[in-house]
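Positions -17 to -1, 1 to 673 (mature numbering (1 follows the signal peptide of the UniProt record, and there is no 0)) are the ones given, in order, by the sequence shown.
Calculated from the structure, these hints are not laboratory results.
Heads up, some of the hints might be wrong.
As the list claims (entries may be wrong) - Derived DSS-like pairs (lysine-lysine); straight-line CA-CA distance at most 25 Å: (1) Lys271 - Lys171; (2) Lys312 - Lys430; (3) Lys360 - Lys271; (4) Lys433 - Lys360.
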Amino acid sequence: MKSLRLSLVSLVSFILAVGCSEEQVVPRTNPQIKMSAVEIEGTVGVKFSATVQDFGSDQIIEHGFIYAQTINFEYGETEGPKIGSSEQIAFSGAPSESFSEIAKAGLQGGKRYAVRAYLKTAEYTVYSSPLSFTSQSTAGFQFERLQYSEPLYFGDTVTVFGKNLSNQISNYAVSVNGQAVTVFDLQKESFRFLLPSMLSFSAPYQSSAYLQFSFEIAGKSLGIIEEVKFREPEFSINSVPQNYGPRLEIKGKYMRSDASYVIARLANGEIRTLDAVYTDSVIFFQSKVAFESLNPKLSVVVRGKTYDLENAVRLNPTELEPNQSIRVKLGNTITLKGGNFNSEIPEANEIILDEGGLYFQPISVTNDTYSFQLNYKEHPYGRQIQVRSKVAGKVSNNSAEVFLTDPGIPIMAYSGVQLTSSEPSIVTIGDFVYQRDGRRIFRIDPKNRKVTQLFTLPVTGYDNFVNYYLLTDGQKLFLYDDYYSYANEGGILTVIDPNTGDKQVFPSMPFLIEQPEAMYAQDGAFYIEGGFVRGEFDVTYSKNRYKLDLSTRQWVQLPGEFKGFREVSKPYSIFDFQGKKYAFSNEMVANQERLVLKSFNPSTESWFTEKTYLENYQVLRFPSVAVGDFVFPQFRQNHDLRIRWGTDSFEKWDRGVGQFNFLEGFTFGFNDMFYQIGIQLIWEFDQSYF
């Protein structure tokens, strides 16, 4: 029975428990709200009113109004604005049964709006049905102040404080100096934006840090010009000098600007603008200018202000590779190897020559090569030339050797001398060359490139002579002067020792002969052959031969005739070679005119034919020149011939410069070189480069 009683008790307890549970269930309800009024409050704003119809069963955590412009409300739009896409007036917690608020932000006069009241729980939001209204002009956005950290720079944050701010970013249009910015962090009484990454600092504010702020918020516009402390650029010295290249760098901080050029200032006051790109930490600019220094004077314009820079850019010097030796002819391309040539501006690379008679002409340049030509500018120069580079005012430490392989080079100046091209007037004795100009005797020193006036003959007598000659026996100078033969006076010989200046004047020639066709000195005697006698009305050609014995001072006529034909005397081109005296002449051989080589026999005092050539080059009276194993004959039209001694043929050689630069007959040999006097210059010809 005990068990049964317990079971009944348990059953009754269960039934009671079930009955009590069913009595505690309460139905859940949602809050309900409706818009009760929309009232226009003049220029203040719009007053919204709402009534809570049911607070519902869940806790209300926020309430308020939302409103937005509408286009279709009268045409069936019933959903209305929602939180997040509309202007919002919010209050924390649950409202009173009725609540209202005046909306001042985000309203534009004459625009159509829809408004809804809302109640918000932790789980959901309940909206009222929308009402529509047309807004009048309202006070709207009211600016209070700007807040930012100074000095200001691009990308810094600016906070704007004010009243009646819209909470819709779409209602904001903000710019600084005309540059649009993006607004963020909208608060009830503030919003923020970042200073644009690039601002234009144009007149009239280029000398001051003024910024023009422009705000347009929900139809309300406001412009503010505010003087700010904008961050100054900081320029740093580049620790590593730069090479020339497409662009150079200026390093520093806070250098960003809308400027697009760098100014290079030259010593003559000229300025060059170079295209540039500005960043915060580096300004890249073109190197298209011939800098005058390794520390060029530059100016940059940063945010409307000009800064003159010293040492902001340092350049590496241009240097040649050591031990360069180049053999070349004038006009051919010379390529120097080195480092850091200015390839952007070829003319910025200068060549420094140790010879003033040449100039360089650029051809091409890379960063490590420079190609150019050497050209002649009618001044003397040598064969071995030291070449250095000069860029930005700095001459290279290393030099290159350029060796000219042209046949001829002008080794020295020779001006102010009256050159008489019709008579022999130049001879070589020892280390010097002597040249006669009327009464003056000049000494030419080819080794030291020097010319001096050695003697001046007295005025008396010499001014009346009409023909002047200069010869040598290898030791002394022989000066012969003759009159017109119809004056019945013979020529006079003067012998001068060039080392001491001692002078001997010999008796006048007793024979009336003018302009001898051959003259030479040999073994203490002076010889004259051929010529003519000028009468008052006619000219008689002479084939006589004469001799002056220097020891007895006596003139005698020698046997035999000077060789000629057609009644016209033919000159001898006389020269000394290997201790003997030779001459080229034109003679009739087997009824044909031929060039012959003759040698002089001192014992018989006569000339003998050594060789007859097939050619018949017309010989001049000037001495031929023997140099080494070659003889350079003096022909009338064939100026570029030489003959190797012992052979029968003449060789052509390239003078390397136009014949118009030279005077006929003014040639000599010296130290195995062939020389020719030109217009104001003496040229040296090296046979190894023919």
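Cross-check of the supplied hints:
no.	hint	verdict
1	Lys271 - Lys171	violated (56 Å)
2	Lys312 - Lys430	holds (23 Å)
3	Lys360 - Lys271	violated (30 Å)
4	Lys433 - Lys360	holds (20 Å)
Violated hints for the displayed structure, listed by number in ascending order: 1, 3.
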